[in-house]
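S.K.: Take 1 as the starting number for the sequence shown in the UniProt record's numbering and just add one per residue.
Simulated pairs of lysine to aspartate or glutamate, EDC-like, Cα-Cα distance not exceeding 20 Å:
#1 230 / 202
#2 79 / 42
#3 161 / 271
#4 161 / 266
#5 230 / 212
#6 161 / 278
#7 79 / 50
#8 161 / 265
#9 79 / 21
#10 161 / 275
#11 230 / 205
#12 230 / 21
Across the chosen pairs, the derived CB separations fall in these ranges:
#13 23 / 53: 16 to 26 Å
#14 197 / 115: 17 to 27 Å
#15 211 / 244: 32 to 42 Å
#16 105 / 28: 25 to 35 Å
Everything labelled a hint here was simulated from the structure, so no lab data went into it.
These numbers were taken from a predicted model, which means no experiment stands behind them.
For every residue, glycine included, the Cβ atom is placed at its ideal position computed from N, Cα and C.
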Amino acid sequence: MTATDDAGSVGPSARLLQLFEGHRLTPTQRRIAHSLVRHATEAPFLSSVEVAELAGVSQPSVTRFAVALGYDGYPALRKQLRELGAGEPAAPESPDDAVRNEHQQAVLAEIAHLRHLAELLADPGPVLRAARMLAASRPLPVLGLRAASAQARGFAYFAGKVHPDIRLIDEGGSMLTDRLEQAAAAGASALLCFALPRYPRELMDALTAARECGLTVLTVADSAFAPVAKLSDVLLPAAVGTGLVFDTACAPMMLGRVLLQAMCDELPGAEARLESIEQSATARGLFLE
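Produce the complete structure using the sequences and hints provided.
M.R.: Right, dumping it as structure tokens:
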């Protein structure tokens with residue numbers, strides 16, 4: 001997701017993403033970048049040692065990361081972050097913060113992820129461009145494996161009410177590539193993929209196959225630096241929560257709904273299809289009043 005040129009019109013996370021875009025980063029460097037984006041307000045005030053601890057890497061790795069971005073070292077990168085106005089010092093912890101239990105902390109972390117997503121959506125361009133490509137694809141395959149299958153299934157359920165041909169692919173196996181090839185042969189031009197950690201190996205194989213079929217790959221992932229980025233033509237990031245035993249994915253779900261809304265606006269006759277579905281549901285007594 002690309003930030004706008006006007007740094008004042010987007011939030012700190014979006015400005016950091018803009019700074020990191022276009023660089024070929026190693027997995028370790030992507031991890032550092034991801035950590036800085038997730039902690040954008042604190043980033044300009046962290047030492048290289050603190051960044052290393054935050055990302056779970058060595059301090060020399062942070063220095064190499066700065067050099068990979070074209071700076072003489074981390075101090076030069078930190079100076080650039082401050083000049084960008086990427087963040088402000090974190091507010092002191094309030095007494096209430098100290099007594100929050102792990103469940104409250106997990107919820108508050110999800111709220112922070114949604115705020116981060118709102119910052120990125122200050123530039124609607126990436127979502128609108130993605131929506132146009134998805135709306136134009138007939139059929140539209142929607143892919144999500146393992147942890148991401150619920151996101152794909154939810155999107156496909158609602159998208160099927162306005163798009164004439166949605167093809168959900170939420171299971172792996174030897175037929176996965178067959179289904180992608182069949183969709184391409186039927187006229188599909190794009191694939192929507194939901195990718196969440198841990199990333200299945202067969203997901204990478206599937207995206208490779210999709211591109212070989214000529215499909216444009218649009219991916220909703222937990223980070224712009226996720227492994228699937230190199231196989232995605234468009235990547236829209238939305239962070240997942242890691243504070244509980246199992247990851248939480250409120251932001252990816254919200255981004256999926258935003259993308260669906262934008263796609264509806266691009267689909268001729270979407271409103272008429274929805275009206276027809278509602279009339280049928282009423283006639284059949286499908287829902288309780």
